[in-house]
Amino acid sequence: MTTTAIASIRAGRILAVASGKGGVGKTWFAITLAHALARVGERVLLFDGDLGLANVDIQLGLTPEHDLGSVVEGRVGLAQAARAHEGGFAILAGRSGSGALSQLGPAALEALLAALRQESTRLDRVVLDLGAGLGRSVRRMAGFADTLLVVATEEPTSLTDAYAALKLHAADAPTGQARVVVNQAASRAAGERTYTTLARACQAFLGRAPTLAGVVRRDDRVREAIRRQTLFLTRHPTAPAAADVEAIAAGIRGA
Amino acid sequence: MRLKLYRAPAIAGAMAQVRAELGAEALILSSRRVAGGVEVTAALEKDDAPAPPPAADPKRAAAFAWHGVPAGLARRLQAGPLPFALSTVLCFEKLALDGSAPPLLVIGPPGAGKTLTVARLAAGLVMAGTAPVVVTTDGKRAGAAEQLAAFTRLLDLQLLVASAPAALSRALARREGGAPVLIDSPGSDPFDADQREEIAALAATAGADLVVVLPAGLDAGEAADLAGAYAACGARLLAATRLDLARRIGGVLAAAGAGLALAAAGVGPGAADGLVPMTPDLLATRLMCVPELSAARTGAPPT
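As you go down the protein sequences, you meet chains A and B in turn.
If you count the first sequence from 1, position 145 lands on 145 in my numbering, and the numbers rise without skipping.
In my numbering, each number is its position in the second sequence, counted from 1, plus 1000.
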């Protein structure tokens, strides 16, 4: 078994970014990945799938005219609600604190996902930023995506939660593709070690192991970029963490 | 999944904690060196584990029996791909040979291949562009230092002879910063308390990691006893030599099972390429290489 082999198979068109545990940099990674894909010419929609506590728009300092709430309420179509961002990708913002969205019923969620699938045919890539936790809608969206990216850090709590996300995904999408992103790694080698630990647990307990999407090295400038509500790749294009996300984007494109 | 980190001065202690707390079913996910010892990450999946253990592979069971793999280990190595099973039941660790790593003190019974192992590690470093400091603490036995000196002359390295801890500490004090240190030692009997103390004193003086050299082909019980005794004086790592000459290697697994991390494998006569990192894949390939099994496959009559 070659556990540290970087995935070289093209990822699917709809990517879901999950973590189980919050605070591991999931939303930051989803935004930066969407940006990296857009910078190499892909038509990308970043979809804030955190139905209860959306914060893609907050990380980017946006005040969207429409958001996911407007779509669910049927006031606008999904394509109209998305807005172009200066980073070169489209964003469909969530609505933070929206009770209606967090209580979205199964039928409404299916309708939303069907619309998203429809919209995706006009795009190269959809990046779905899922909420923390493993609630019903998170689980459904993870299984719906063509490729699940699970963001983990080396902390045992993060590893356990990432494992739980992968376990549910294995049950929901037995043939689905899952990849691991190790974020905030002390070094590339440390990140690969974290991945190997997680992959071993999956191989032993689930009978299959996710591949490694890549390792993003820890970088204090990430926090600073988030505080300034700016895109990381614009603000720090030469940072190691920027190169790491770009490498993951290249792997997703099968490059 | 329950996931827990265990720290102990040596692998054996950490593994004992894992077994005591999580039981024999616990999987070792990773191990790494930390300040003051090792850290082992172990996991246990109690509830609704979806994959039931598959039936024992008869070919694998036959190979284990032929090699003399201890029954307890063989049982735990039944499920899943063999390299994977090995990596979750035994510990594998690369020898740290960079300048920032602690010196490696190579120990083992007489004739195990310690001096050749030191020479091969030195040759590998020289070929990679690093000149290690090579020390032997075997100044007493006739010709012992000369054997290593023949290698170090070829490699254009100086050999330091330091028989007592004080001399060793003087020798190490002279080393230039950043050079890896390899220390050869005289053959020892780890069942002898005095000799164990000598080893511990040398290791403490050098601040060294202890690498036990054991030849493949030992009886499994003997190998486990030796490994356990060396582990008790602080050894963590195992270099298994003569994997190219021995046929049955159950002893190597038994030694690893007794608390040493598999680090290096002697696989050929070459001075530099004869010693390679021990990996789960290498060990699995070697285990499934059983003359009787291949004879059965090709239809040759059993001997």
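The reader is advised that the hints may include incorrect statements.
Derived DEER-like restraints, expressed as beta-carbon distance ranges [as the list claims (entries may be wrong)]: (1) B:V1034 with A:R136: 37 to 43 Å; (2) A:A190 with B:G1270: 30 to 36 Å; (3) B:R1075 with A:G41: 52 to 58 Å; (4) B:A1131 with A:D124: 50 to 56 Å; (5) B:D1273 with A:A186: 28 to 34 Å; (6) B:A1056 with A:R43: 35 to 41 Å; (7) A:P237 with B:D1281: 37 to 43 Å; (8) B:A1056 with A:S187: 53 to 59 Å; (9) A:P106 with B:A1065: 50 to 56 Å; (10) B:A1020 with A:R228: 29 to 35 Å; (11) B:Q1078 with A:T121: 43 to 49 Å; (12) B:P1110 with A:P240: 48 to 54 Å.
With the C-beta cut set under 8 Å, the calculated list includes, among others, these residues of chain A facing chain B [unchecked claim]: (13) Y163; (14) A186; (15) R188; (16) A189; (17) T196; (18) T197; (19) R200; (20) A201.
For the record, the hints were derived by calculation from the structure and aren't laboratory data.
All C-beta atoms in this analysis are idealised placements derived from N, C-alpha and C, irrespective of residue type, glycine included.
Satisfaction of the hinted span 53 to 59 Å by the C-beta atoms belonging to B:A1056 and A:S187
Since B:A1056 and A:S187 have Cβ atoms about 40 Å apart, the given range 53 to 59 Å is violated.
Under 8 Å, Cβ to Cβ, is where A:Y163 needs to be relative to chain B, so tell me if that hint holds or is violated.
A:Y163 check passes; min Cβ-Cβ to chain B is 5 Å, inside 8 Å.
Taking 35 to 41 Å as the hint, is the beta-carbon distance of B:A1056 and A:R43 inside that range?
Given about 53 Å between the Cβ atoms, the range is violated.
Taking 30 to 36 Å as the stated bounds, is the beta-carbon spacing between A:A190 and B:G1270 within them?
Holds: the Cβ-Cβ distance is about 33 Å, inside 30 to 36 Å.
Could you check the hint for me, namely that A:P106 and B:A1065 are 50 to 56 Å apart, CB to CB?
With Cβ atoms ~55 Å apart, the hint holds.
I want to verify a distance hint. Is the separation of the beta carbons of B:A1131 and A:D124 within 50 to 56 Å?
Cβ of B:A1131 to Cβ of A:D124: about 53 Å, so the range 50 to 56 Å holds.
Per the hint of 29 to 35 Å, is the separation of the Cβ atoms of B:A1020 and A:R228 within bounds?
The hinted range 29 to 35 Å is violated for B:A1020 and A:R228, with Cβ atoms some 50 Å apart.
Would the stated hint for A:R200 survive a check requiring a Cβ distance to chain B of less than 8 Å?
holds, 5 Å
Hey, does the A:R188 contact hint survive, CB to chain B under 8 Å?
It is violated, given that the least Cβ distance between A:R188 and chain B is near 15 Å, above 8 Å.
With 37 to 43 Å as the target window, see if A:P237 and B:D1281 comply at their CB atoms.
holds, 39 Å
Interface hint compliance - A:T196 to chain B, C-beta minimum distance less than 8 Å:
holds, 6 Å
Does the beta carbon distance between B:Q1078 and A:T121 stay inside 43 to 49 Å, or does it fall outside?
Since B:Q1078 and A:T121 have Cβ atoms about 48 Å apart, the given range 43 to 49 Å holds.
The structure fails hints 6, 8, 10, 14, 15 and 16 (numbered hints given earlier, in ascending order).
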